[in-house]
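J.: Each chain, written out:
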Amino acid sequence: MSASTDFKVGYVASLARLDITPEEAERFQGQLDGILSYIEALQSIDVDGIEPTAHPAPVLDRLREDHDPAFSIEQAAFLQNAPDQALHQLRVPKVIDPS
Amino acid sequence: MSLATQSITALRQQLTAGEITSRDIVESVAAAIESTNNSIGAYLSHDLDRALAAADAADLSLPLGGIPIAMKDNINVQGEPCTCGSKFLQNAYLSPYDATASRKLKESGAILFGRTNMDEFAMGSSTENSALQITRNPHDLDRIPGGSSGGSAAAVAGGSAVAALGSDTGGSVRQPASHCGVVGLKPSYGRVSRYGLVAFASSLDQIGPLTNSVEDAALLLEAIAGPDPRDSTCLDQPVPNYRDSLKKGVKGTRIGLPAEYFGAGLDPAVRERIESAAKALEAQGAELVELSLPFTQHAVATYYIIAPAEASSNLSRFDGIRYGNRVDNGTGIVDLYGTSRAAGFGAEVKRRIILGTYVLSSGYYDAYYTRAQKVRTLIQQEFQSAFQKVDAILAPVSPSPARKIGEAKGDPLKDYLADIYTISANLAGVCAISVPAGTVPADNGKQLPVGLQLIGPHLAEETILRIAQTWEDIR
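Protein chains in written order, with the numbering used here: chain U, 1 to 99; chain P, 1001 to 1475.
Think of the hints as simulated: they come from the structure by calculation, not from any bench. Be aware that one or more of the hints could be misleading.
Between beta-carbon pairs, the in silico distance windows are [said to hold, decoys possible]:
1) E51(U) x K1248(P): 44 to 52 Å
2) E40(U) x S1245(P): 39 to 47 Å
3) D61(U) x T1016(P): 43 to 51 Å
4) E40(U) x S1313(P): 21 to 29 Å
5) S1385(P) x D97(U): 57 to 65 Å
6) P1238(P) x D61(U): 17 to 25 Å
Covered by chain U, according to a simulated footprint, are these stretches of chain P (three or more residues, beta-carbon under 8 Å) [stated by the list, open to error]:
7) 1219-1227
8) 1332-1345
Partial list, derived from the structure: chain P residues whose beta carbon lies under 8 Å from chain U [stated by the list, open to error]:
9) Q1013
10) P1096
11) A1301
12) I1305
13) I1321
14) T1377
Every residue, glycine too, gets a C-beta built ideally from N, C-alpha and C.
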């Protein structure tokens, strides 16, 4: 899969909800094309039969009681960081358009 | 000798003997911050009143009682800022909770004093990517302190912190330690809880100490390591007394020298320092073993797929909704995300999020991300085989000493390639430490620190600390 021809910075940035300027798009396209070219070297490695590693020291099935009183954060402490709030809640733009 | 430049061990002796008070130490650190922060810029913020109150209440019977520790600004400390070096969180977030590492330090009696500068969201190897200020190398103010824990390293090296915590994802504790001439330890993956460390790459990140001595690093590791039910990747393994085995020497210890870490890209002056250290350890009874780690050449490419991929996921929480600087032009929720993130993130962060999003996207996931994870398996297996033959690996930390600030402008790949010696340890999840190994001269006659790296098997911190201590004693 040839990265450089398929990779379009503007489209991928929109997937990541990142508004970038045209100047940034042009600059990043060049820089990331270069990085993607470098990364192509991994395509030549024989990985047949090799399992992917997601974690270097996997620990599985870590369960605990769903109750840790010290784990919770007070509402006031949480809301002190809220960009906009009302009625002890976060306020956000309308998400669903009723029309 | 200023209290701020002394080791934790030395300060603890004076404290428990009643020769000094914790307040004395905090005031010494504060004075050093006042006199150096304009030039070195290690600290983003520091709350002296809070630290003095903690100092006056310090329990000196605890292992770190009365000792101030600086914190990298991506480790949550309740009531303090946690900017991660980013405009996104600048003046827009106060930690509502303590990271486990922060809580454990407090429980050991330490005073958390000061928030240190860093590459934004830990993405970088120079601290130039901080959106908030520049940090300079105390050994040469025109040069980088390294990164991403550059503030922590510069604070310890510049005498404005007794010790500090940083975080290491691809070398971000070890490389600044090397560039600044201090000790920097990356624990094995899972050794220290990541709860409360703002996540960059969840399968690579570890919190680690930056200190003036190997013993101090061992002491801090004892304090912060251990099981944590709040981090499901944190291992349920007991924490040894790391200081117990420090002085046992290296007789019969097999130390591997991997050919790939001493190749053409290594600065000859740095090579000389590292090889001379190896010989000195051999004279102490260590057995030097030649090794080959051929997958080293693929480590940087593997990392720069996996780390940005994980980062793109971890940084999606910065959406302007619950915390951080929100930019709302009134054109709806999706635009709010886009404009908040555009305004809040710097170029390197944007690049890595875009790269990470691409390698995880439909149609490309297998070719990039899954493939990189398979190469990661091969890299990890290569270390495991090597550790059948040797107890630890000795290597440089960086191909060259600290470069000048601004030198890598516009070419991120240049800095990525310089991560070659540190990155594999994160991919494999093994432990690694950088210890000062002398200096090399710069063009202007300034002496630039060089770090010696010791890489050990998973959970073998005792081995690398012991070898590091031996080196520190003989160098």
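J.: Next step is simple, just say for each hint if it's right about the structure.
T.: Hint check:
1. E51(U) x K1248(P): 44 to 52 Å: violated, 37 Å
2. E40(U) x S1245(P): 39 to 47 Å: Holds: the Cβ-Cβ distance is about 45 Å, inside 39 to 47 Å.
3. D61(U) x T1016(P): 43 to 51 Å: For T1016(P) against D61(U), whose Cβ atoms are near 44 Å apart, the range 43 to 51 Å holds.
4. E40(U) x S1313(P): 21 to 29 Å: holds, 23 Å
5. S1385(P) x D97(U): 57 to 65 Å: At 59 Å between Cβs, range holds.
6. P1238(P) x D61(U): 17 to 25 Å: holds, 21 Å
7. 1219-1227: Coverage by chain U is violated here, the residue count being 0 at a Cβ distance below 8 Å.
8. 1332-1345: holds (count 11)
9. Q1013: violated, 34 Å
10. P1096: Interface hint status for P1096(P): holds (4 Å vs cutoff 8 Å).
11. A1301: holds, 5 Å
12. I1305: Result: holds, 6 Å to nearest chain U Cβ.
13. I1321: holds, 6 Å
14. T1377: This interface hint holds because 4 Å falls under the 8 Å limit.
Hint compliance for this structure: hints 1, 7 and 9 are not met, and every other hint is.
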